[in-house]
Structure formats: C-alpha cells, structure tokens
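A.B. asks: Residue numbers (our numbering), protein chains in the order written: chain A, 1 to 209; chain B, 210 to 418; chain C, 419 to 627.
None of these hints come from the bench; they were simulated from the model.
Careful: at least some of the hints might be erroneous.
[Stated by the list, open to error] One side only, chain A facing chain B, incomplete, derived with CB under 8 angstroms:
#1 Met30
#2 Leu33
#3 Thr57
#4 Pro59
#5 Ala60
#6 Pro65
#7 Leu80
#8 Pro82
#9 Val83
#10 Val97
#11 Ile146
#12 Phe147
Where a beta carbon is used, it is the ideal one built from N, C-alpha and C, also for glycine.
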Amino acid sequence: MDEIYALALELLGTAAFAVSGALTAVNKKMDVLGVMILGLTTATGGGIIRDLVLGYTPPAAFRNPIYSLVALLTSLIIFLPPVRKSINRHAPAFNNVLTVVDAVGLGVFTVIGIQATHSETNAHGVYLYLFVGVVTGVGGGVLRDIFAGEKPSIFVEHIYATASILGAAVCILLWEPAGRYIAMAAGLALVVLLRVLAAFNRWNLPKAE
Amino acid sequence: MDEIYALALELLGTAAFAVSGALTAVNKKMDVLGVMILGLTTATGGGIIRDLVLGYTPPAAFRNPIYSLVALLTSLIIFLPPVRKSINRHAPAFNNVLTVVDAVGLGVFTVIGIQATHSETNAHGVYLYLFVGVVTGVGGGVLRDIFAGEKPSIFVEHIYATASILGAAVCILLWEPAGRYIAMAAGLALVVLLRVLAAFNRWNLPKAE
Amino acid sequence: MDEIYALALELLGTAAFAVSGALTAVNKKMDVLGVMILGLTTATGGGIIRDLVLGYTPPAAFRNPIYSLVALLTSLIIFLPPVRKSINRHAPAFNNVLTVVDAVGLGVFTVIGIQATHSETNAHGVYLYLFVGVVTGVGGGVLRDIFAGEKPSIFVEHIYATASILGAAVCILLWEPAGRYIAMAAGLALVVLLRVLAAFNRWNLPKAE
Chain A
1 MDEIYALALE LLGTAAFAVS GALTAVNKKM DVLGVMILGL TTATGGGIIR
51 DLVLGYTPPA AFRNPIYSLV ALLTSLIIFL PPVRKSINRH APAFNNVLTV
101 VDAVGLGVFT VIGIQATHSE TNAHGVYLYL FVGVVTGVGG GVLRDIFAGE
151 KPSIFVEHIY ATASILGAAV CILLWEPAGR YIAMAAGLAL VVLLRVLAAF
201 NRWNLPKAE
Chain B
210 MDEIYALALE LLGTAAFAVS GALTAVNKKM DVLGVMILGL TTATGGGIIR
260 DLVLGYTPPA AFRNPIYSLV ALLTSLIIFL PPVRKSINRH APAFNNVLTV
310 VDAVGLGVFT VIGIQATHSE TNAHGVYLYL FVGVVTGVGG GVLRDIFAGE
360 KPSIFVEHIY ATASILGAAV CILLWEPAGR YIAMAAGLAL VVLLRVLAAF
410 NRWNLPKAE
Chain C
419 MDEIYALALE LLGTAAFAVS GALTAVNKKM DVLGVMILGL TTATGGGIIR
469 DLVLGYTPPA AFRNPIYSLV ALLTSLIIFL PPVRKSINRH APAFNNVLTV
519 VDAVGLGVFT VIGIQATHSE TNAHGVYLYL FVGVVTGVGG GVLRDIFAGE
569 KPSIFVEHIY ATASILGAAV CILLWEPAGR YIAMAAGLAL VVLLRVLAAF
619 NRWNLPKAE
C-alpha cells in the first residue's frame, strides 16, 4: 500500500518534470527526439542521481520502465502540433503553468529523496536526509539546463533551491512526530507554495554587485 | 577467450571515441593536454557511467590503464602537426571520417553496455539492457559536447540516439536465439548503418516550430 | 590521530575550493544563494565524484555536514559587501590570490583522493591511485566551470591537470618508501608549485593551430 502511494507520487513528479524538460526543448526548436530526450533526462535525472548517491544500483529508472514511459509519453504530448501551437499562442499563461508544474516536480522529488534515504540507509542523521532530498529535487532541472546550454536555474531563479531546502527541513522535522504521510505532504506543499509565490512576486535575494 | 573479444571490441570503441573527442578539441584550438583530456573523456566516459549505473566500482577504466593508454595515444596522434595539417587540408573528407568513426564508437559502446549488464546483474528484464546500452553508447559523446561547450549532439544530430536505441533493441532481441556474438555484431552494424546513412542523407525528424 | 590530519587537510581543500567557486559566482553577479551553491558544489564536487567512483556511498559530504558548513560559511564570507568591495578594488591582486587558493584545493584533493583509494580498496595497482587522485583534484573545478557556463579550466589553463598528474605520481611513488605523510606533503607541494609557477609565468603547452 505504502509503495503504491510512493510510486504514484513519483510518477506525478516524473510527469511534471517531463513537461518542464519538453517545454524547454520546444522553446529551443529541438526535433521530436530532442524533446523526448530532454523530457526524459529532466524527469529521471534527479532519481538517478539519488540512487547513485545512496548506492542503490542499477537506479530505479533503469530497472522499471514505468518512469521512462511516463516521461516519454508526456514529452510526446507536449510535442504534438496542436499542443505546441496552443502553447505558442498563450505563451505568458503557459509560462505560469510551467512554473507551477516545475515547482510540483521540485517538491515531489525533494520529499521522495528523503523517503528513499529512509528506506535505503540506516540512519546517518538529519543532514544526510536534507542533502539527498535537495539533490534529488534540483538534480533533474540542473541536468535539463546543462543539456539545453543554459545556466542552471538554481543559480538564476530566486528561491528555487531555497524552497527545496525549507520543504526538506519541514519534512524531516515532521517525519517522526507526525508520520511520513503528513511530513511528505507538508514538505511538498511548502516547496510548491514558496517557489510559486517567489516566482509570481519576483522575490529577490541580495545580489553581488 | 570471450573476454579477449570483448576487450578488443571495447578498445576499438575507445579508439574511435578518442578520435572523435580529439578532433573536436583540435577544432576548438585546444592545446595538447586539452586534446588528450577531451579524447580521454569521450573515450572512457560512457564506460564509466555504465559501471557506476551497474554498481561496478571502481569502474573498469579506473582499474585497468589499457583504456586510457589507447585513448591518450590515439588523441596524441591526432594532435601531431602532420596529422592536423592533413586534417585541415581535407576538412570535408575528414568530417565524413569523423562521422563514421563516431558511429562505430556509438555502436560498440551500445552493445558493450548490453553485454556488461548481462555479466554484472541478474536479469532485470529487457528494459534495463536497453537503457544501459543507450546510456553507455551516448554517454561519452554527451560529456565531450558539454566539456567543449556545445549542445550535446544527441539533441542536434538527426538519428543519433535513435540509432543507438534501435541497435540496442536488435542486440537484445537476438541475444538468446542467435547467441551473443551474432547479437552484438548485428546491433553494432545496425547502429553504424543507421547513423551513417542518416548523417550522409541528412534524414530529419520532425522539428518543433 | 591519522583521521584528524586527513580531515584537517580535506577541510583546508574544501575552504580553498569554496573560495574559488564563490569568487567565480561573484564575478558572474550571482545572488547570495548562487554564490553559496557554486562554492558548495566546487568544494564538495571532487570528493563526491571520488566516493561514487570508489563505491563509498553515501559520499562523505552527504554523511557529515562539516564539509558543507565550511563551504557555505566560506562562500558567505566572500559574498559579504566589504569583502566583495575589497575584491573589486584590488582585482589583479585578488586574481593572484585566487590562483594560489585554487592550486591549494587542486593539490589537497589530488593527494586526498590517493589516500581515500588506499583506505577504500584493496590494491588495484598504481594506475587506480593516479586516476582517482586526478579526478578528485580536478572534479570540483570542472563542475564549477560547467555550472558557471564556462569551458572547464582543465582545457584552457596551462599546466592545470598536468600539475595534478605529476603531484599524484610523486605522492604514489613516495607512499611506500617515505610514508604517507611525506608522500602527501610532497605531492601537495609539487601540485601547488607547478600550478602557481605556470600561471604566473604563463607557461604554455603546444596548441593546435
């Protein structure tokens, strides 16, 4: 039962990040395979990095085709001419959708990373959970940006990694007292909320001048 | 006996990808060490990623110097002034050579990745073989392009990852019925054929507009 | 006792690479979080790659927060307005400081990589030590440059990887006859000396034309 919830959550994050990767590729005028590869890389990258870091090999995305299938199908849908046309026609609205969808991916992978650390390792303390959670959350997006030839959004977006860090902290703190479901839901909600609010209000961090 | 064939095949792929990495570096006017490092990275990158994914650590390229020796020597030969001059003088012809050589590297590492998965893991199903084969095949070239500051060729070349995917599929399907030698030869041949035909005929996939 | 020396050395390298990553981020006008993330990535990247290659998971930087704390605090200090202003005012002098600090990081991680290989693996021969040492030494800087959207300095700086390779060779050769402390000190000193001399004298390697 637990595993079904975890899988459903991870597939949601996979689809969200596939949308984000595929939209980036469409913006770069890539061909259909480029769109599918960038969607796949973004969607599975964070989980693969997480599994390598935890020593769980081969990574889940290599063992079970469901992650790739979801990522590839999602990317293909984004590439379909009517979808692309409608994206181009409503570009500003779609950028908002992309921000929300990407925030969901960020949040899902952050809390999934913490959960995987609980099941794969004997406790190594709070810090391990935090670092694995954040790396899992931001990993897919970093790969997407490097592959697309852009500066990783963790460096340019206000409150991107910060949202993942704070959500991870809340998830870790609530894990014991409130149970994993509430902890993961609260962590996920906080990441999405912070990230979306920051993006729409253009919250800034101090900059080097 | 088997291992000698596998090693010979892997060294062929290593040399082919070293040529491809070294030529890229020469085109970028890098110094002799840059040429050797890019040749080495391209040639060993796919195998290192494969071994990390399969949990085989330290990766073969770290245990056995033969891979690096072949890659470094090959790169050094490309850097020699008479070779470089002749490359510059016959640039179009050499681009064709590069395409073929790179296709051989792609094909070799694709089928070698499938073979390594057979020897390192208990069967996890067809999908694992496919994903590991393709990642091993394209991994070195992706690192080469990222290090050289270019968009990975899997996104811009027509039928690059596609060739690896189809060759991997044929190799996996033939493994049991036809035996590993025929399976690997058929997979390798298909990758090279598809990739070279696509490059010389400028076959295109539909593009996002 | 041994472990304390090793930890002190690794923290020195961590701080040095954090300075190098943070200064790169300040030059790119990143915000405070970008500066801290690039400092953290540069400082922990080499060690994380080393641990993944050696199959030591989760990597030390994930288990023990001390590395991140040192990296983040160091980066934060670089970001402080008075520090940044003084850096801008004395830019040429600071570039020299950056060169030396980065050389120290390169040297420390090179010899630390060799030491970790001794403790994590049964002997696999000289080559393994050399490759792991060099990858650990240059890994953090390669990640820094890729994340910052620049060509990795191992390709553009004269005598960067070369310094790491020669220092690693000396460290490996002296390990048995002279003992690990002298071996590591000699390797570290050689890396720093070679790298700094090469940078200040603009020593060149032959270039492809």
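A.B. asks: Are the hints correct? Go through all of them and say.
C.D. replies: Hint-by-hint comparison with the structure:
Hint status for A/Met30: holds, given a least beta-carbon distance of 6 angstroms to chain B, under 8 angstroms. Below 8 angstroms, beta-carbon pairs count as interface contacts, and A/Leu33 has one with chain B at about 5 angstroms; its hint therefore holds. A distance limit of 8 angstroms between C-beta atoms decides the matter here; for A/Thr57 the minimum to chain B is near 3 angstroms, and the interface restraint holds. Contact between A/Pro59 and chain B, as hinted, is supported at the beta carbon level, the nearest pair being about 7 angstroms apart and thus within 8 angstroms.
The beta carbon of A/Ala60 comes no nearer than 11 angstroms to any beta carbon in chain B, farther than 8 angstroms, and the hint placing it at the interface is violated. Because the smallest distance between the Cβ of A/Pro65 and any Cβ of chain B comes to about 4 angstroms, under 8 angstroms, the interface hint for this residue holds. Here the hint on A/Leu80 is broken, as its CB sits about 10 angstroms from the closest CB of chain B, past 8 angstroms. Taken as an interface hint, A/Pro82 does not check out: its beta carbon lies about 13 angstroms from the nearest beta carbon of chain B, beyond 8 angstroms.
Evaluation of the A/Val83 hint against chain B yields a violated restraint, the C-beta minimum of about 10 angstroms exceeding 8 angstroms. The beta carbon of A/Val97 comes no nearer than 17 angstroms to any beta carbon in chain B, farther than 8 angstroms, and the hint placing it at the interface is violated. Interface hint at A/Ile146: satisfied, since its Cβ lies 6 angstroms from the closest Cβ of chain B, which is below the 8 angstroms cut-off. Here the hint on A/Phe147 is kept, as its CB sits about 6 angstroms from the closest CB of chain B, short of 8 angstroms.
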